[in-house]
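Using the working numbering, read the sequence shown as starting at 1 and increasing by one per residue.
Keep in mind the hints are simulated off the structure, nothing from the lab. A quick note: this is a predicted structure, and the numbers were derived from the prediction, not measured. It is possible that some hints are incorrect.
[As the list claims (entries may be wrong)] Computed Cβ-Cβ distance ranges for the label pairs, DEER-style:
1. Gly222 - Asp426: 52 to 60 Å
2. Glu173 - Thr280: 18 to 26 Å
3. Ser184 - Asp56: 47 to 55 Å
4. Asn190 - Asn55: 24 to 32 Å
[Claimed, not checked] No more than 30 Å apart at the CA atoms, straight line, and that leaves these computed lysine-lysine pairs for DSS-like:
5. Lys247 - Lys315
6. Lys247 - Lys229
7. Lys97 - Lys247
8. Lys229 - Lys193
9. Lys312 - Lys301
10. Lys411 - Lys312
11. Lys202 - Lys423
12. Lys229 - Lys301
13. Lys271 - Lys286
14. Lys108 - Lys210
15. Lys146 - Lys105
16. Lys343 - Lys372
17. Lys423 - Lys312
18. Lys411 - Lys68
19. Lys97 - Lys45
20. Lys146 - Lys97
21. Lys309 - Lys423
22. Lys45 - Lys411
C-beta: ideal position from N, C-alpha, C; glycine also.
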Amino acid sequence: MNLELTENIEDNLISAINSSDITKENDIIFFGANKSSLTMMEILKDYHFLAIIDNDKRKQGQLISGLKVYSPDELLADYNPNYRILIASEYYAAMRKQLETFGYKEGKEILILWHGNRYYSIDDETFNYHASKVRYGEEVYNEFRKDAPSDFIFICPYAGTGDMYLVGMYLEEYMKTHEITGYSVIVPNNNCKRILGLFDLKAISMEYAKIECLMMFCRMRGFDSTHSKVLNDGFNQIMVKRLRGYKNIDFNTMFRQGVFEIKGDYNYIFKQENADDIFTDNSLRKGRTVLLSPYANTITKISDDFWIKLAKELKALDYDVVTNVSGDEESIEGTMGLFVPYKQIISFLDDAGYFVGVRSGLCDIICSSRAKMAVLYPFGNVFGACSTYDYFSLEKMDLKTDNLLEIIYEKTDLSDNIDNLNKIVDFCNII
1 MNLELTENIE DNLISAINSS DITKENDIIF FGANKSSLTM MEILKDYHFL
51 AIIDNDKRKQ GQLISGLKVY SPDELLADYN PNYRILIASE YYAAMRKQLE
101 TFGYKEGKEI LILWHGNRYY SIDDETFNYH ASKVRYGEEV YNEFRKDAPS
151 DFIFICPYAG TGDMYLVGMY LEEYMKTHEI TGYSVIVPNN NCKRILGLFD
201 LKAISMEYAK IECLMMFCRM RGFDSTHSKV LNDGFNQIMV KRLRGYKNID
251 FNTMFRQGVF EIKGDYNYIF KQENADDIFT DNSLRKGRTV LLSPYANTIT
301 KISDDFWIKL AKELKALDYD VVTNVSGDEE SIEGTMGLFV PYKQIISFLD
351 DAGYFVGVRS GLCDIICSSR AKMAVLYPFG NVFGACSTYD YFSLEKMDLK
401 TDNLLEIIYE KTDLSDNIDN LNKIVDFCNI I
């Protein structure tokens, strides 16, 4: 599968997730036993997959990545509103028509994540599809302008925690340089608002479908004439995204120079509230507490066996071990689940002393803490011209260099990560 098609699928899946068209409660069915379905599985690795459907009788009955391939008739005869049937194929029109005979509808149970015509054709259907989005974006823009007629509009289309952290770090300097006073920051969810609140920045939450159309309208009309700017390192911009990793361009550099036009070093540390109550309420010891963070939205998850073993090893060395949890996330066996608010997280880690986690946006937020941080990165080329480590390394991004251990893992099983586990234990246990 070519890079451009993969990026289109990824962007559209992110859109579907942000707009709640796909949730972790849905049963996901992939239409087509092909590489596109495998790509979607990798992106949606933490979601619930039910099956693959395919009209090719030679493929039916096979197992692909642990999923059985069914004929559409066999699996979909009884309508189920909880199904989400994902299509990424140039034959989308025939597939959609077939699914509609079972009662499923596009935009509800049927989600078309990619088809060649939608992006590259000049036929009426494609033109009307894009035109309708731009027209709706104009409606969103005009409605927004009723309440904020002169504000400069900053659009944040992606709900990544790390993205929001960098926006918060650089936005004030950008507005100062460009003499922007009145402003509005539009974000896709309340978590983004909380992160920007750490920097005393106010944001407006808007559902992703509206943000996408607003962004399309502003791009079509012109960002200068609409007094707007997209704050992202290449969202929905294929050629810009390919700069990731080019000549060692990292995530921070893309934001600092590419998005905010800031040259040289610039760091903003947000204010923190004291976290003593967390230690007292949970009977945790300062200087002897390890916060595990095994969850991330876009990183391949390491097996629970790894985290359970690591927790046991650290507890045997007389550390208090807790798991950072949010929402429906579960604590690692043998540890206590702990939710630490962003406004206290750095203060908490400064006193706790230790953090071990997969690379996520949380790592950006806590990088200024004094704690020892062991951060794990999956092996592989997944971001433009570089690997996850090359693009997101905290050391390469100049966000943290002291008390930092960065590890690249190739496989997720405990047996393949014993050496990495031992490195982490040794790293934590060096006084």
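Violations among the numbered hints, reported as their numbers in ascending order: 2, 4, 5, 7, 11, 12, 15, 20
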